[in-house]
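Sequences listed follow chains A and B, in order.
Heads up: the first sequence at position 78 corresponds to 78 in my numbering, and the numbers run straight through without jumps.
Heads up: the second sequence at position 14 corresponds to 227 in my numbering, and the numbers run straight through without jumps.
A couple of the hints might just be wrong.
[Stated by the list, open to error] Here are a few chain B residues that face chain A, going by a calculated C-beta distance under 8 angstroms: (1) W347; (2) G401; (3) Q413; (4) M419.
None of these hints come from the bench; they were simulated from the model.
Virtual Cβ for every residue (Gly too), placed ideally from N, Cα, C.
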Amino acid sequence: MVLRLCNFVKENGINVLVNFPASIDKMESNEKFGYVHHRREKKKETLLDFLKLSNQTEEKIFKSLKLVKLNNELLKEKLDNLTLVERQKSEFAYALLIKSNVIVIDRFFENLIWGEQQYFKRLLRNLVEKQKKSIILLENDMNFICEFVRKIILFDNKGNYEEISDFYDERIYKNIRMPKTVELIKYFEKKGHQVDHEITFNETLKAIYRGRA
Amino acid sequence: MDKQILEIRNLNITKNKRIILKKIDLDIYSNNFYCVLGESGTGKTLLIKNIMKLKNKNIDYYIDEEIKNKDWNKELKIEEKSKTVKNYIKKIFNNGKYESYKLALLKKIMNNQTLVIIDDISKYFNEEEKKVLWKLCRNRKIAVLYMTKNIEDVLDFDYLLILKNNQVAIEGKTKQVLKEEKLLKLLGYNLPFYLNMSLQLELYGMIDKIGYNKEELEKMIWS
Chain A
1 MVLRLCNFVK ENGINVLVNF PASIDKMESN EKFGYVHHRR EKKKETLLDF
51 LKLSNQTEEK IFKSLKLVKL NNELLKEKLD NLTLVERQKS EFAYALLIKS
101 NVIVIDRFFE NLIWGEQQYF KRLLRNLVEK QKKSIILLEN DMNFICEFVR
151 KIILFDNKGN YEEISDFYDE RIYKNIRMPK TVELIKYFEK KGHQVDHEIT
201 FNETLKAIYR GRA
Chain B
214 MDKQILEIRN LNITKNKRII LKKIDLDIYS NNFYCVLGES GTGKTLLIKN
264 IMKLKNKNID YYIDEEIKNK DWNKELKIEE KSKTVKNYIK KIFNNGKYES
314 YKLALLKKIM NNQTLVIIDD ISKYFNEEEK KVLWKLCRNR KIAVLYMTKN
364 IEDVLDFDYL LILKNNQVAI EGKTKQVLKE EKLLKLLGYN LPFYLNMSLQ
414 LELYGMIDKI GYNKEELEKM IWS
């Protein structure tokens with residue numbers, strides 16, 4: 001699996017995997033790949049013990065916690081006692097500490113509310129633009145991420161994949177939720193109205209305005 | 214006249230010495246739909262578990278753990294004989310995924326309870342399926358208390374209660390709460406997509422009232 005990931009992470013950017021093989025969950029963070037798991041076996045160690053495995057100073061640990069919006073007070077908590085989102089953020093902080101070039105983030109955005117989603121989108125963009133990292137997202141709902149993803153990696157049943165950049169390609173949405181903007185424009189088309197294909201909210205609004213005119 | 218089914222006053226919930234929820238008041242009346250919106254970890258499932266402790270026989274519950282821990286193949290054999298639930302499955306749930314979860318929830322709805330409390334089902338039910346489910350509950354006059362972290366779900370409910378920082382941040386009739394756009398943003402929520410799009414289209418002068426789904430928007434824009 002790691003080799004397959006290496007194959008398509010040739011350029012920096014934010015990509016999303018669709019129909020990804022279940023075995024991807026077996027990956028562990030290392031210098032090349034940081035992995036933010038969806039669900040992990042609960043662990044007895046404290047958050048501080050876990051982050052210290054990165055061999056970084058406490059100062060850097062505090063900094064990474066701040067970046068992923070985790071409170072320092074949680075450092076003494078056992079990972080067991082953290083919520084799902086807090087555990088995911090801990091793994092994100094760890095991935096930043098070990099300075100992985102590629103960060104795989106497994107169903108993270110679906111657990112965040114809109115305000116936090118906006119923050120983490122900005123953080124990911126910064127990681128890509130300033131630190132030249134590659135981000136691979138695994139999600140079940142394209143609504144959370146379609147506005148900032150560069151390309152979609154679509155897997156078939158045999159584990160083969162292809163790159164798709166057209167968000168209106170129906171093949172994408174067998175196992176992932178369609179963005180509301182795409183759903184709306186496809187519905188208008190079905191009703192016989194011509195509207196430009198857009199992804200973002202504001203561009204969709206303008207496209208409807210043009211289509212109506 | 215709607216009857217009161219559940220009354221909770223000043224409920225505090227802690228887990229591993231951490232305060233999860235404090236001073237929660239909750240009044241549930243028959244025939245009404247209630248939605249609790251809160252981000253992951255705000256205590257929605259714990260709230261259900263605390264209500265379960267009341268052992269109210271008029272209430273049934275749907276939480277992931279309970280579904281996972283039961284042998285639904287065994288449980289569902291009785292239902293298969295009557296075929297009622299199975300017919301619903303065939304009629305309304307057509308994507309063939311998570312059948313045992315769907316069957317389990319339908320079984321609870323068909324149990325003639327006054328109130329069903331349901332933890333987030335977005336993983337198992339798509340939006341169309343959820344709408345059919347709520348319609349079924351309305352037809353059977355079952356009150357629903359639904360927990361979700363997704364604001365897109367709330368428009369199907371009469372009342373909305375938002376959890377933030379261990380307590381209720383805002384509550385009221387759903388459409389009234391959604392008018393508090395600035396407060397919602399402060400709490401970290403955007404408006405549901407179709408409501409938001411509607412408001413913007415209204416600003417552009419393309420529609421003159423609010424639409425809550427794609428069908429309503431299409432009719433208003435191109436009428």
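Hint-by-hint comparison with the structure:
1. Below 8 angstroms, beta-carbon pairs count as interface contacts, and W347(B) has none with chain A, the closest being about 18 angstroms; its hint is therefore violated.
2. Residue-level restraint check for G401(B) holds (minimum Cβ-Cβ distance to chain A is 3 angstroms; threshold 8 angstroms).
3. Because the beta carbon of Q413(B) sits about 5 angstroms from the nearest beta carbon in chain A, less than 8 angstroms, this interface hint is met.
4. Checking M419(B) against chain A by beta carbon gives a least distance of about 6 angstroms; that is within 8 angstroms, so the hint holds.
Hint 1 from the list above is the single one not met by this structure.
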